[in-house]
Amino acid sequence: MKEAESRCKFKGNNQLPGKLYVVEGCDGSGKSTQIYLLYRWLRSEGYDVFFTEWNSSELIRASTSEAKKKNLLTPTTFSLMHASDFADRYEKMILPQLRAGYIVLCDRYIYTAYARDMARGCDREWVKNVYSFAVKPDIIFYFKAPLEVSLSRILTGRLHLEYHEAGMDMGFSSNPVESFKIFQGIIKNYYDEMAEEEGFTIIDASESIEVQQAIVRDIVKENLKDYVPSCKHWQTKEVPGI
Amino acid sequence: MKKKKLFYGKGLPYLKLNDLPGKLIVIEGPDCSGRSTQISMLKDWLETKGHAVLDTGLKRSTLIGNVILEAKKGNTLGKKTLSLLYCTDFADQLENKIIPALSAGFIVLADRYIFTLMARDFVRGASKEWLMELFGFALVPDLVFYLSINPDVLLHRAFSKYGCLDYWESGMDLYLSSDMFESFKKYHTLLKREYEEMVKNFNFIVIDAERDPNEIQKDIRERISVFLDSQAL
Numbered sequence: 074m075k076e077a078e079s080r081c082k083f084k085g086n087n088q089l090p091g092k093l094y095v096v097e098g099c100d101g102s103g104k105s106t107q108i109y110l111l112y113r114w115l116r117s118e119g120y121d122v123f124f125t126e127w128n129s130s131e132l133i134r135a136s137t138s139e140a141k142k143k144n145l146l147t148p149t150t151f152s153l154m155h156a157s158d159f160a161d162r163y164e165k166m167i168l169p170q171l172r173a174g175y176i177v178l179c180d181r182y183i184y185t186a187y188a189r190d191m192a193r194g195c196d197r198e199w200v201k202n203v204y205s206f207a208v209k210p211d212i213i214f215y216f217k218a219p220l221e222v223s224l225s226r227i228l229t230g231r232l233h234l235e236y237h238e239a240g241m242d243m244g245f246s247s248n249p250v251e252s253f254k255i256f257q258g259i260i261k262n263y264y265d266e267m268a269e270e271e272g273f274t275i276i277d278a279s280e281s282i283e284v285q286q287a288i289v290r291d292i293v294k295e296n297l298k299d300y301v302p303s304c305k306h307w308q309t310k311e312v313p314g315i
Numbered sequence: 036m037k038k039k040k041l042f043y044g045k046g047l048p049y050l051k052l053n054d055l056p057g058k059l060i061v062i063e064g065p066d067c068s069g070r071s072t073q074i075s076m077l078k079d080w081l082e083t084k085g086h087a088v089l090d091t092g093l094k095r096s097t098l099i100g101n102v103i104l105e106a107k108k109g110n111t112l113g114k115k116t117l118s119l120l121y122c123t124d125f126a127d128q129l130e131n132k133i134i135p136a137l138s139a140g141f142i143v144l145a146d147r148y149i150f151t152l153m154a155r156d157f158v159r160g161a162s163k164e165w166l167m168e169l170f171g172f173a174l175v176p177d178l179v180f181y182l183s184i185n186p187d188v189l190l191h192r193a194f195s196k197y198g199c200l201d202y203w204e205s206g207m208d209l210y211l212s213s214d215m216f217e218s219f220k221k222y223h224t225l226l227k228r229e230y231e232e233m234v235k236n237f238n239f240i241v242i243d244a245e246r247d248p249n250e251i252q253k254d255i256r257e258r259i260s261v262f263l264d265s266q267a268l
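First to last, the sequence lines map onto chains U and F.
Heads up: take any position in the first sequence, counting from 1, add 73, and you land on our numbering.
Heads up: take any position in the second sequence, counting from 1, add 35, and you land on our numbering.
Since the hints were made in silico from the structure, they are not lab data.
One or more hints might be untrue.
[Said to hold, decoys possible] In silico DSSO-like pairs for lysine-lysine, Cα to Cα no more than 27 Å straight-line:
#  : chain 1 : residue 1 : chain 2 : residue 2
1  : U       : Lys209    : F       : Lys45
2  : F       : Lys108    : F       : Lys227
3  : F       : Lys108    : U       : Lys165
4  : U       : Lys201    : F       : Lys114
5  : F       : Lys235    : U       : Lys165
6  : U       : Lys142    : F       : Lys132
7  : U       : Lys165    : F       : Lys107
8  : F       : Lys163    : U       : Lys201
9  : F       : Lys132    : U       : Lys141
10 : U       : Lys141    : F       : Lys108
11 : U       : Lys141    : F       : Lys107
12 : F       : Lys114    : U       : Lys209
13 : U       : Lys201    : F       : Lys45
14 : F       : Lys196    : F       : Lys108
15 : U       : Lys142    : F       : Lys40
16 : F       : Lys163    : F       : Lys196
17 : U       : Lys141    : F       : Lys114
18 : U       : Lys201    : F       : Lys40
19 : U       : Lys165    : F       : Lys114
20 : U       : Lys141    : F       : Lys45
21 : U       : Lys141    : F       : Lys51
22 : U       : Lys201    : F       : Lys51
23 : U       : Lys209    : F       : Lys163
24 : F       : Lys51     : F       : Lys132
Computed from a predicted model, the values in this text were never measured in an experiment.
The following block holds chain U by itself, in its conformation from the complex:
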């Protein structure tokens, strides 16, 4: 009972009993590797952990890729389709899992949408409103690398860049690689700009994988100090709704 009460007062996310850790960063920043290793570690420590990635709702993904193929999307519909995908995963998985007291890991969260949609010319306040139903994560890891580093990681050995991935819809350049570089640069600027305002925990993504992971685990370990890894809070306190 005591523990449950003290959790309520814990500052930070949402007073939900679960923990939400997300990774953000440009393509090629290494964030997916890092969150995978974090997942492996948490599982080995005996925690129940759920993992979800961007643009992966079964129901909506088929339509999104169809629409992307046909280049039917405008910046607004592009934004709204990804928001629908996120909302579907959020309402079915992320929020119920947090209410049940689990640890939830997200490879990309709403900040990806902020950066990409703003880069495509959507209004900043409008985008933020679209996602205003989403709870603030306990930790937002931002894997920050110099643009050249993430670009070379992605472009080495890649023969093909997807149309939207390269930002070809923006009309920067008819060369996909050139367009990708310009687009990633703009996205990186938006991430850097958000870092302070949104309270990102910045990880230097030019360090080795091992060094980065050790830092990530230390930070998560500290954050888990007050965590009660079970569904016992159901008996001890009211779990808030949406």
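Using the hints provided, position chain F relative to the given structure of chain U.
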């Protein structure tokens, strides 16, 4: 003439829209209120007068129409997800059909607009601020006709048209009653209240839709004529 507001909110900042020579006329009202009958009569009339007309409605978009149908079958979508899917569909119609037609000088007759989407979501407890800002990219129509009809008349029309009541059109997902008949009445009473609350804020022209379709058409044509004449000056 006073320049009217183009968008309800933040608009579409990446589009450089100066002047849209066309006119946007919206017909709103619940299912079975007679919207499509009125629209087809209006299209005839306007085309005979020499106007180019595009009629368009919700749920005709190719973008995510299938997702919505799929999801409705299994009843598996959350409220926010459904709001956003409908909003995506609307944005698609607006940017790929309505705006190009307006740029080309067409009169666009919209069989429902953002108001039906908002009314449905308000009844389901959505935040007004969230939805208003979400639909801030919608163009402000030139005219909005609201076909007002009482739930008991609507019930009668639904039976005459389909022979039975529809799960979603009866608001069964709201658990107002486990009895579909009861649920339909309660749901449409709530919807009507939401439409009525929007009348003033969004300049609805309220049309008594319980009358004969020809009488209703006469009213609507009169309003449109006055509007078109005022624009021609």
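Against the structure, the hints come out as follows:
1. Lys209(U) / Lys45(F): Given that 27 Å is the threshold and the Cα spacing comes to 24 Å, the pair holds.
2. Lys108(F) / Lys227(F): holds (26 Å)
3. Lys108(F) / Lys165(U): Holds: Lys108(F) and Lys165(U) sit about 17 Å apart, inside 27 Å.
4. Lys201(U) / Lys114(F): holds (18 Å)
5. Lys235(F) / Lys165(U): violated (37 Å)
6. Lys142(U) / Lys132(F): Between Lys142(U) and Lys132(F) the Cα gap is close to 19 Å, so the pair holds against 27 Å.
7. Lys165(U) / Lys107(F): holds (15 Å)
8. Lys163(F) / Lys201(U): It holds: about 16 Å lies between the C-alpha atoms, which stays within 27 Å.
9. Lys132(F) / Lys141(U): holds (18 Å)
10. Lys141(U) / Lys108(F): Holds: Lys141(U) and Lys108(F) sit about 25 Å apart, inside 27 Å.
11. Lys141(U) / Lys107(F): Holds - the C-alpha atoms of Lys107(F) and Lys141(U) are around 24 Å apart, at most 27 Å.
12. Lys114(F) / Lys209(U): holds (20 Å)
13. Lys201(U) / Lys45(F): holds (12 Å)
14. Lys196(F) / Lys108(F): holds (21 Å)
15. Lys142(U) / Lys40(F): violated (35 Å)
16. Lys163(F) / Lys196(F): Cα-Cα ~33 Å, so violated.
17. Lys141(U) / Lys114(F): holds (25 Å)
18. Lys201(U) / Lys40(F): Status holds; Cα separation ~23 Å.
19. Lys165(U) / Lys114(F): holds (11 Å)
20. Lys141(U) / Lys45(F): holds (25 Å)
21. Lys141(U) / Lys51(F): holds (23 Å)
22. Lys201(U) / Lys51(F): holds (22 Å)
23. Lys209(U) / Lys163(F): Distance of about 21 Å is within 27 Å: holds.
24. Lys51(F) / Lys132(F): Holds, at about 16 Å.
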